[in-house]
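Starting from the known structure of chain A, fit chain B onto it as the hints suggest.
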Amino acid sequence: METGSPHDAGTADDAQGTPSPAEAPAPDGGVEPVWRALPPGLLTMRRLLLVVWLGLLTLATALVPGLLIGPAWGAFAVLPPALLLWGWVMLERNWRSWRYAERADDLLISRGVLWHEETVVPYGRMQLVEVTSGPVERHFGLASVQLHTAAAATDATIPGLDPAEAERLRDRLTELGEARSAGL
Amino acid sequence: MTAPGVQEDVTGRPPVIERRLHPVTPLRRAWAPVAVLMGWAVHDPDGAQRQLTRLTTTTLLLGLAVLIPAAALYGFLSWWFTHFAVTDSELRVRTGLLFRRTAHIRLERIQAIDVTQPLLARVAGVAKLKLDVIGADKKDELAFLGAGEARALRAELLARAAGFAPETAHEVGEAPSQQMLRVPPGVLAVSLLLTGATWGWLLVAAVALPLLWTATHSLWTVLAAGIPMLGAAGASSVGRFVAEYDWTLGESPDGLRIDHGLLDRAHETVPPGRVQTVRLVEPLLWRRRGWVRVELDVAGSSNSLLLPVAPRAMAESVVARVLPGVVTVPPPEAFSRPPRGARWCVPVWWRGHGLAVTDAVFASRRGLLRRSLSLVPHAKVQSVRLAQGPWQRAHGVADVHVDTGANATVTARLRPAGEAAALLRAQAERSRTGRRDALPDRWMA
Numbered sequence: 001m002e003t004g005s006p007h008d009a010g011t012a013d014d015a016q017g018t019p020s021p022a023e024a025p026a027p028d029g030g031v032e033p034v035w036r037a038l039p040p041g042l043l044t045m046r047r048l049l050l051v052v053w054l055g056l057l058t059l060a061t062a063l064v065p066g067l068l069i070g071p072a073w074g075a076f077a078v079l080p081p082a083l084l085l086w087g088w089v090m091l092e093r094n095w096r097s098w099r100y101a102e103r104a105d106d107l108l109i110s111r112g113v114l115w116h117e118e119t120v121v122p123y124g125r126m127q128l129v130e131v132t133s134g135p136v137e138r139h140f141g142l143a144s145v146q147l148h149t150a151a152a153a154t155d156a157t158i159p160g161l162d163p164a165e166a167e168r169l170r171d172r173l174t175e176l177g178e179a180r181s182a183g184l
Numbered sequence: 001m002t003a004p005g006v007q008e009d010v011t012g013r014p015p016v017i018e019r020r021l022h023p024v025t026p027l028r029r030a031w032a033p034v035a036v037l038m039g040w041a042v043h044d045p046d047g048a049q050r051q052l053t054r055l056t057t058t059t060l061l062l063g064l065a066v067l068i069p070a071a072a073l074y075g076f077l078s079w080w081f082t083h084f085a086v087t088d089s090e091l092r093v094r095t096g097l098l099f100r101r102t103a104h105i106r107l108e109r110i111q112a113i114d115v116t117q118p119l120l121a122r123v124a125g126v127a128k129l130k131l132d133v134i135g136a137d138k139k140d141e142l143a144f145l146g147a148g149e150a151r152a153l154r155a156e157l158l159a160r161a162a163g164f165a166p167e168t169a170h171e172v173g174e175a176p177s178q179q180m181l182r183v184p185p186g187v188l189a190v191s192l193l194l195t196g197a198t199w200g201w202l203l204v205a206a207v208a209l210p211l212l213w214t215a216t217h218s219l220w221t222v223l224a225a226g227i228p229m230l231g232a233a234g235a236s237s238v239g240r241f242v243a244e245y246d247w248t249l250g251e252s253p254d255g256l257r258i259d260h261g262l263l264d265r266a267h268e269t270v271p272p273g274r275v276q277t278v279r280l281v282e283p284l285l286w287r288r289r290g291w292v293r294v295e296l297d298v299a300g301s302s303n304s305l306l307l308p309v310a311p312r313a314m315a316e317s318v319v320a321r322v323l324p325g326v327v328t329v330p331p332p333e334a335f336s337r338p339p340r341g342a343r344w345c346v347p348v349w350w351r352g353h354g355l356a357v358t359d360a361v362f363a364s365r366r367g368l369l370r371r372s373l374s375l376v377p378h379a380k381v382q383s384v385r386l387a388q389g390p391w392q393r394a395h396g397v398a399d400v401h402v403d404t405g406a407n408a409t410v411t412a413r414l415r416p417a418g419e420a421a422a423l424l425r426a427q428a429e430r431s432r433t434g435r436r437d438a439l440p441d442r443w444m445a
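The listed protein sequences correspond, in order, to chains A and B. Using the working numbering, read the first sequence as starting at 1 and increasing by one per residue. Using the working numbering, read the second sequence as starting at 1 and increasing by one per residue.
So here's chain A without its partners, still in its complex pose:
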């Protein structure tokens, strides 16, 4: 079933496998995958959306209570800008935390600062690779790649990629998936 790569003869406990071109040897002798970060476009898009929505919210909180009840109530309008400042910083932290690595036999996706999550999907288990791009994403020249396996719980999405990179990743994953294909 599994054709595998030439170097998957290692024992099951040999977690790291043999180095491959996609991986660089780490100082401690193990293999640290080559991580790729997301392009800055995603951060720009999310920040812009944040500014637009919170800007509208600021206007609403300033005008509605201010006009209906009294001008003093318009002071609530300072809350959304505070949220904006906090969100501005948080978005960058979140954006920095997203990274992915293509290893010889599996794809690694790591994300989240407070709620950290790391997903490993062996190429042979991929059923479908999907590239999606919504209208806002398209405007910013972004696309997301989503991997599906037979398990619905597999949550492997890489958002905010450059469309060219997304297509390269899709083609490469599909190619590797075919070579190592295994069913359920």
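These are computed hints drawn from the structure, not numbers from a lab. Glycine included, each C-beta is placed from N, C-alpha and C at the ideal position. Mixed in with the good hints there might be a few duds.
What the hints assert, rightly or not - Cβ-to-Cβ under 7 Å is the rule here; a few derived chain B residues that face chain A:
id : residue
1  : Gln382
2  : Ser383
3  : Val384
4  : His395
5  : Ser431
Stated by the list, open to error - Non-contacting residues of chain B with respect to chain A, defined by C-beta distances greater than 12 Å in every case (computed):
id : residue
6  : Trp40
7  : Leu285
8  : Ala334
9  : Arg430
Stated by the list, open to error - Simulated restraints on C-beta separations:
id : chain 1 : residue 1 : chain 2 : residue 2 : range
10 : B       : Arg94     : A       : Thr132    : 31 to 39 Å
11 : A       : Gln146    : B       : Gly96     : 45 to 53 Å
12 : B       : Asn407    : A       : Ala37     : 27 to 35 Å
13 : B       : Phe335    : A       : Thr157    : 30 to 38 Å
14 : B       : Val204    : A       : Leu48     : 52 to 60 Å
15 : B       : Tyr74     : A       : Met90     : 53 to 61 Å
16 : B       : Val36     : A       : Glu175    : 36 to 44 Å
17 : B       : Pro185    : A       : Glu175    : 55 to 63 Å
18 : A       : Trp35     : B       : Gly96     : 47 to 55 Å
19 : B       : Trp344    : A       : Trp35     : 49 to 57 Å
20 : A       : Trp35     : B       : Phe335    : 47 to 55 Å
21 : A       : His139    : B       : Pro332    : 41 to 49 Å
22 : B       : Asn407    : A       : Trp35     : 53 to 61 Å
23 : B       : Pro390    : A       : Leu50     : 19 to 27 Å
Just chain B, lined up with the frame of chain A:
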């Protein structure tokens, strides 16, 4: 009505012979209008009584005169327009009166085949045949076939799925089955008496109903509240006894055979290598007797019970034969507990969690009172995830989730952070290499 496709004629293959279901099929939906009326009557008893008193003989007869032919016509047409055919590699089901629907089910993708006989079907000598394929619909079950025909069809489908030559597939016949285990009715009855759910519902009823009576003094309210409670208690005791009666587990070259049922008989077949996860569940009251329940997950299948009750040693030997490869259930001392810091994340219950990874399986244990042990063969792992929230990070622990194709996720909770990271990489590697000695989809080929 047999309509061989053009394609088969061109390639010189024998034409596809389409068959119809058993002629009693139209009657299967005859109870539906009655059930709707009954459901309405139970839902709103006062309204039903008012309507009944208003009903005159003429309207009643008129209603029946319309309803019965309509139901009969619907049943007849849906039977007339349903066909199925077995080809070399597929089961084709063509159905639908207004909305035509054709399903081609690939036989090597079969995850399980069930032949079930509800009580009335047993009287009529017919059976339902259901194929479990990922994404298959409830509509694709063949209901009803003659009992003998269903068995023959199952044998033929399994032979074709196993990879026997198409010419001989319908002559292979049923693979010999060897009985592994049979659950005695006495043991089943005792095990159900020792299950908490029944007593819980009875207790709730015993407390809530007198309270309701003193509060409202309305018989209808008490009945409306009491019947569902007693129903739930009945379903978890008598209902389960009837469904799990005479539970027989067999092994054959075509995989596992599970036969059970007192009134409704079910015969399930799970071909080799289809089991994704296995769970050994040990309710608190069963522990003194050393009994466990064994549950399994098969992709696309709704069956989830392998053994309703069995002594632990026997259950472990069954699990070892059910899972692919050389599997042994890790002994309790093989499980490593979460570190002490975990007690701030999950108070008290942190002690119940445990993890053991062997060459063949990923085993995760949880629960203190009702213990549950989940096993996933490495070859069945679809993806591995590590998750760590802020509170868990502060205490240096993380969760590792292992996803399988049956949409069952097994979680090793509260592992030390460093170990979890190493486990994530190691498990992905084992998932990849564990597949190499797996059986092919066509197990006899």
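We went through each hint and held it up to the structure:
A distance limit of 7 Å between C-beta atoms decides the matter here; for B/Gln382 the minimum to chain A is near 4 Å, and the interface restraint holds. The interface hint given for B/Ser383 is met, as the beta carbon of that residue sits about 4 Å from the closest beta carbon of chain A, less than 7 Å. The interface hint given for B/Val384 is met, as the beta carbon of that residue sits about 5 Å from the closest beta carbon of chain A, less than 7 Å. Of the supplied interface hints, the one on B/His395 is violated, with its beta-carbon coming no nearer than about 14 Å to a beta-carbon of chain A, more than 7 Å.
Contact between B/Ser431 and chain A, as hinted, is supported at the beta carbon level, the nearest pair being about 6 Å apart and thus within 7 Å. At roughly 36 Å from the closest C-beta of chain A, the C-beta of B/Trp40 stays outside 12 Å, upholding its exclusion from the interface. Its beta-carbon lying about 32 Å from the closest one in chain A, B/Leu285 satisfies the requirement of being farther than 12 Å from that chain. No Cβ of chain A comes within 12 Å of the Cβ of B/Ala334; the nearest lies about 16 Å off, and the non-interface call holds.
The non-interface label for B/Arg430 is inconsistent with chain A: the shortest C-beta to C-beta separation is roughly 5 Å, within 12 Å. Between B/Arg94 and A/Thr132 the Cβ separation comes to about 35 Å, which falls inside the hinted range of 31 to 39 Å. Take A/Gln146 and B/Gly96: their Cβ atoms lie about 33 Å apart, and the range 45 to 53 Å is violated. Here the CB-CB span from B/Asn407 to A/Ala37 is close to 32 Å, well matched to the stated 27 to 35 Å.
Between B/Phe335 and A/Thr157, the C-beta spacing of about 33 Å keeps the proposed range 30 to 38 Å intact. Remark: the range hint 52 to 60 Å for B/Val204 to A/Leu48 is upheld by a beta-carbon distance near 55 Å. A hinted range of 53 to 61 Å for the beta carbons of B/Tyr74 and A/Met90 is consistent with their spacing of about 59 Å. At about 54 Å, the CB distance of B/Val36 to A/Glu175 disagrees with the hint of 36 to 44 Å.
Range check, B/Pro185 to A/Glu175: about 57 Å between beta-carbon atoms, so the 55 to 63 Å window is met. Evaluation of the 47 to 55 Å hint for A/Trp35 and B/Gly96 yields a pass: the beta carbon distance comes to about 52 Å. The beta-carbon spacing between B/Trp344 and A/Trp35, approximately 31 Å, falls outside the hinted interval of 49 to 57 Å. Checking the proposed 47 to 55 Å range against A/Trp35 and B/Phe335 shows it is violated: the Cβ atoms sit about 33 Å from each other.
Between A/His139 and B/Pro332 the beta carbons are some 58 Å apart, a value that contradicts the proposed interval 41 to 49 Å. Checked against the hint of 53 to 61 Å, the C-beta distance between B/Asn407 and A/Trp35 comes to roughly 30 Å, which is inconsistent with it. For B/Pro390 and A/Leu50, the hinted distance range of 19 to 27 Å is satisfied, since their beta carbons lie about 22 Å from each other.
When the structure is compared with the earlier hints, violations turn up for hints 4, 9, 11, 16, 19, 20, 21, 22 and for no others.
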